[in-house]
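Protein sequences, first through last, are from chains A and B. Note that the first sequence ends on residue 347 in my numbering; no numbers are left out. Note that the second sequence ends on residue 1273 in my numbering; no numbers are left out.
The set of hints was computed from the structure by calculation and includes no laboratory data. As the structure is a computational prediction, the values presented were derived from the model and not from experiment. Some hints here could point you the wrong way.
Now the in silico label distances, taken between C-beta atoms and shown as ranges [to be verified]:
#	chain 1	residue 1	chain 2	residue 2	range
1	B	1122	A	53	49 to 59 Å
2	B	1068	A	332	51 to 61 Å
3	B	1023	A	12	39 to 49 Å
4	A	188	B	1068	50 to 60 Å
5	B	1232	A	14	55 to 65 Å
6	B	1093	A	12	24 to 34 Å
7	B	1255	A	12	45 to 55 Å
8	B	1147	A	10	14 to 24 Å
Sample of chain B residues lacking proximity to chain A, with all beta carbon distances greater than 10 Å (derived) [what the hints assert, rightly or not]:
#	residue
9	1015
10	1127
11	1152
12	1265
Glycine included, every Cβ here is placed at the ideal spot set by N, Cα and C.
Residues per chain, in single letters:
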Amino acid sequence: MTSSPGWVSRASARLVLLREHLDERPGVWTGVLAAALALAVTMSLGVGAAALPAADVPRALLSDAHPFHAVLWQVRVPRVVNAILVGACLAVAGTVMQTVVRNPLADPSLIGISAGAAVAALLGIVLSPAIALLLPWLALLGALGAAALVLLAAEAGTQMQGPLRIVLAGVAVQSILFACVALITFLFADRAPSFAGFTVGSLAGSGWREARIVTVPALLGIAVAHAAARPLDLLLLDDDSATGIGLPVRGARIALCSVAGLLAAGAVSIAGLVGFVGLIVPNAARILVGPSHHRLLPTVALGGAALVVVADACARTVVAPLELPVGALLALVGGPYFLVLLRRRAA
Amino acid sequence: MTPQHEAEPLLEARRIHLRHRRGERDVVRDLSIGVRRGEVLALVGPNGSGKSTTLAALGGALEPRSGEVLLDGAPVSALGRRAFAQRVARLPQAPACPEGLTVAELVLCGRHPHRGSLQTPRSEDRQAVAAALRGVGLAELRHRRVETLSGGERRRAWIAMVLAQRAELLLLDEPTAALDLRQQHEVLDLLAEVNHRQGTSIVLVLHDLEHAARIAHRVAVLHRGRLYQVDSPRACIVPDMLRDVFGVAARIETDAGRLCIRVDGPADPTRRL
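Build out the structure end to end from the sequences listed, making use of the hints.
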């Protein structure tokens, strides 16, 4: 941190002070982010091929006489719902993974879990179109398979899996699974989504169908993660200490990996491989509310949702009438942030 | 409180053989040792004699290759982690520092075995945390982040976490490591007080034999993975043991009732340990 410019350290010192101040009122950030999400949703509903002033959005939603009523309910609302689901799922999945492997750079889209979900989801799409409702659960199987592969590879030869080993094994598994994604999209080009669109991640064309099939697994995963806030806190300590306080560490790791897998699978089923949300949001949120999960998880869920809603609104407007894949925009922001994180960790 | 010498041991290892997770030979061989209710038992021995490994096995963190560890006569392996943690707390040798957690949050982790999984901290949890923080003298620093503390403060924060667990048996791996002279004495006094006032049994790994003599009711001397002797400090800490186990020529003196060790030099300068 010594190399940071003065204003950075001053700002972070101020943030620490602010955090101590807010320690007694943990609900404040949840409120702020909920307001930000509401604002982002309203703005996002207004933008698109035909613009609607944000102030008119509530009226258009409620009155079926309004000319925008049908467009809103059939196109924009489901899309915003999908953006919220994707953002919340990815951010919570990233938070859980980072704690489980004790590495703030871990993200399901980085260590093969999202890629595993993607392979299973693609196979489902290619083999039978009738499978749609099962898509997130199929993707969950893929995510769990990939997670098991990563854990086994990291574990090979030893009884314990160290955090770094998991990340390294994840990178290896990820590259294999990406090759599978490439092969499936190439061999079944007529039925599968395009490789580029799928691997970058996009909400284009997503509607109520996607929202319907993903809402249940997404809410389930987020609820379980919140219920597991304390085991997650204990995993912040080392294995030895966590065991000493009464946490069955290995079982908790496997269970929480599955939760992260379910959430990643939900996001993949809607939007393909959206990266960086699970990396940016948890790390930024930790600066705001600290690493304790009963405060962190609601913050990241709201923050992740707001981030993807805003990014998607931008993706729809910057080169309108064309549409950018939202994953590309997020990567444009997320990549540099990743570098900053690496730099901070190296210092 | 005087230890109940005749009673069944609270926690007992029976003929355990221990091996590290990736190790190829047994670090501890055929060791049997019991902790009595209300006693302070010090594990001493040179580096590599198996003290920390034995403590890990007593704490259920390392499965013996053979032999068994019993809590109140029942095998520890049959108890759930949580049920075990309600009764036995363990301080590891060098716990990794969690980033961003405050001292109070860390100490609250010690309450886990006593709380329902969805329960917010109750007043008894807050009281246990506050008392533990006061005990180690960190009440003022409770909102500081653990990684910003000095080595000694950090050590005391971990000790506070173990104390907040309110277990009937504490297993402490070098509780005085990284502490300066005054803090060492404060921590030893605190542990003696916890033992005396609450009847908490304590097993602790110590490098300093004078500390062991001061705080322990009994001392267990480990030598090359075996139990060399277990007895009262005065019976254990004698020139013969120091020569055999630690390889030093030393005299034992008593100064105002306190045991002092005067080391004259290596026992046999020509022989390497």
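Structure-based check of all given hints:
no. : hint                        : in the structure
1   : B:1122 to A:53: 49 to 59 Å  : holds (50 Å)
2   : B:1068 to A:332: 51 to 61 Å : holds (59 Å)
3   : B:1023 to A:12: 39 to 49 Å  : holds (43 Å)
4   : A:188 to B:1068: 50 to 60 Å : holds (57 Å)
5   : B:1232 to A:14: 55 to 65 Å  : holds (58 Å)
6   : B:1093 to A:12: 24 to 34 Å  : holds (32 Å)
7   : B:1255 to A:12: 45 to 55 Å  : holds (52 Å)
8   : B:1147 to A:10: 14 to 24 Å  : holds (20 Å)
9   : 1015                        : holds (23 Å)
10  : 1127                        : holds (18 Å)
11  : 1152                        : holds (18 Å)
12  : 1265                        : holds (37 Å)
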